[in-house]
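Undergrad: Sequence:
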Amino acid sequence: MKKLYFLTALLVILNSCSSDADNDKIVKDPVSSADNTVHRTITQKNDSSEATIDTYTFNGNKVLSMKNDNTEFRYTYEGNRIAKKERFSKTIKGSMVRTEIYEYIYEKGKLKTRNILQGVNDNGEAYTIIKTEYVHNSDGTVSYINYYVHLLLNETTKMQEGYLRYKDGNIIEKSETIESRTIVFKYEYDTKNNPAKNILGYDLLIDENNYAKNNIIKTNVKFLNTPYEEDLLRTYTYNENGYPIKFISTSPSQTYEVEYTY
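The opening residue of the sequence shown carries number 1481 in our numbering; numbering runs sequentially from there.
Think of the hints as simulated: they come from the structure by calculation, not from any bench.
Using 20 Å as the maximum straight-line C-alpha spacing, the simulated DMTMM-like pairs for lysine to aspartate or glutamate come out as follows:
no.: 1; residue 1: LYS1698; residue 2: GLU1668
no.: 2; residue 1: LYS1698; residue 2: GLU1737
no.: 3; residue 1: LYS1666; residue 2: ASP1711
no.: 4; residue 1: LYS1654; residue 2: GLU1613
no.: 5; residue 1: LYS1726; residue 2: ASP1534
Can you build the whole structure from these sequences, using the hints too?
TA: In structure tokens:
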């Protein structure tokens, strides 16, 4: 009976998100590009832990999976849009189990809703959902609200809201408000190629996968109505095609290094 209850609740939540998007036409033909460069590995290093190597596989410019020692993501496309991303995590015994499912719902060619199904069992059933609703405003900003949905308890709680401001394909400002606390991030970019710029479907996702047209060189973080403010700086090394092969990020609290192969 409990299983039937949360399955019914899950269908209600997901159907409410997708009903308005059923008529959104899926573009079936991939967008061609003269530059098909995609990153194959991303290695992250810092002073306090071992290096993490993320290895990507592709079919053309469609990303199929990302793997490291403890986690794997698998991607599913509809046309040239990413419709689903599944997360698998390594257990204590060393086996990989599916723990989350990301579902992306589009309307008029833009992302409308992202659902993260958590606590997923073997049948794809979830107990909780992190639901994000997006509004694409006429001034070019994107507003969003995050909700925590507990399916068994039939409860929905507002977690966070904010906005993103874009310029030339890059996020230049992001605001996050949780209860009464607001954090504002402001970004500055170089003029070189972002490692993820040619991955099909990444441009439709919002604030995911470090996607942008160019590369962040400075992030200013400010907690409103407090004296706290911090700058994070990145210094890049590029290849002959204008793609970064390495950057070093520095801030008052930490330093780390990221390397790319193509």
